[in-house]
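Participant: Chain residues, written in single-letter form:
Number of protein chains: 2
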Amino acid sequence: MTGALELRPAGPADGAALWDILRPAFRAGDSYAVDRDISQSAALRYWTEGEKTAYLAVRSDQAVGSYYIRPNQPGGGAHVCNCGFVTHPQARGQRVARTMLEHALKTAKAAGYSAMQFNFVLASNAAAIHLWQSYGFAEVGRLPQAFEHPALGLIDALVMHRAL
Amino acid sequence: MTGALELRPAGPADGAALWDILRPAFRAGDSYAVDRDISQSAALRYWTEGEKTAYLAVRSDQAVGSYYIRPNQPGGGAHVCNCGFVTHPQARGQRVARTMLEHALKTAKAAGYSAMQFNFVLASNAAAIHLWQSYGFAEVGRLPQAFEHPALGLIDALVMHRAL
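Respectively, the protein sequence lines represent chains A and B.
Quick note on the numbering used here: the first sequence kicks off at 1 and runs consecutively.
Quick note on the numbering used here: the second sequence kicks off at 1 and runs consecutively.
Hints in this document: simulated from the structure, not taken from any laboratory.
Hints should not be assumed to be uniformly reliable.
[Unchecked claim] Sample of chain B residues facing chain A (criterion: CB under 10 Å; computed from the structure):
| # | residue |
| --- | --- |
| 1 | F26 |
| 2 | G29 |
| 3 | R36 |
| 4 | G76 |
| 5 | F147 |
[Stated by the list, open to error] Within a straight-line C-alpha distance of at most 20 Å, the following computed EDC-like cross-link-like pairs (lysine to aspartate or glutamate) qualify:
| # | chain 1 | residue 1 | chain 2 | residue 2 |
| --- | --- | --- | --- | --- |
| 6 | A | K52 | B | D20 |
| 7 | B | K52 | A | E49 |
| 8 | A | K109 | B | E148 |
| 9 | A | K52 | A | E102 |
[Unchecked claim] One side of the interface only, derived from the structure: several residues of chain A facing chain B at Cβ under 10 Å:
| # | residue |
| --- | --- |
| 10 | Y32 |
| 11 | I38 |
| 12 | Q40 |
| 13 | E49 |
| 14 | T53 |
| 15 | N72 |
| 16 | G76 |
| 17 | A78 |
| 18 | G93 |
| 19 | Q145 |
| 20 | P150 |
| 21 | L154 |
As the structure is a prediction and not an experimental result, all values here were calculated from the model.
C-beta atoms are modelled at their ideal positions from N, C-alpha and C, and glycine is treated no differently.
Kindly produce the complete structure, drawing on both the sequences and the hints.
Facilitator: As structure tokens, then:
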């Protein structure tokens, strides 16, 4: 862990770097509701296509995390954004998620969104919940037994929200 | 209103009938978070593509309603389904939504889902909320000011859920 963490939009040349970050999370299947066997191309589409804009967190030329931002709903719901965050396993404990969140909050506000919502925060993910709460996110929903966790079985997922 | 209401899967020949049902709801913009100017082809993709299976409610050869069913999440969340329902304006008050819901609950159970969740029930939609509650759906989340209603301004949306 040396050098500053920089955030920049992910481009067409970043597919391999993105996959390097996403693959461990998706294969583990304990943080995102994504098919654990998802292919690289499908994973990259999931993370970057449609209305999503993806950012890479880079330190010393090494991509260590990524987040996306998108309107959470079209039409009358487009003023609320949704984001997803993944940190590479080897970069945990280095404030990568916190730095990405701060960048996402600024990006969302600059884009004119009035709120940010996370739709599916696993109740088992204490570190993430603690981080979101410390930045003012409140639990606005709890989805009972919404996720089949590979080790814990059926667990709840939270909907978290904050105004911008 | 004559004849029995029958439910059948929507097929490739049902595009015009589906659009006839969806268009009034999407153009009004007061029940679904969909772009009010959505094109016919985009609306049909929205309602039928991806993991969605759409059904038509037909009475006396007239399509009067439609619903879709899909996994609400991929991967570890695929045991919970999500549905959307639309009744043609001229068929309101004829128990179309209720009949579609009963069909959806049976379809979901037969497909092996263990719960059904509605992600974005507008707080202004009292008739729908009452119907869902009467079939055992509980409010598990309330998304503050999640929808810009054309007449009411910013209103909340509910997340509703029941086990199957």
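Participant: Are any of the numbered hints broken by this structure? If so, which, sorted upward?
Facilitator: The structure breaks hints 6, 12, 13, 14 and 18; every other hint is satisfied.
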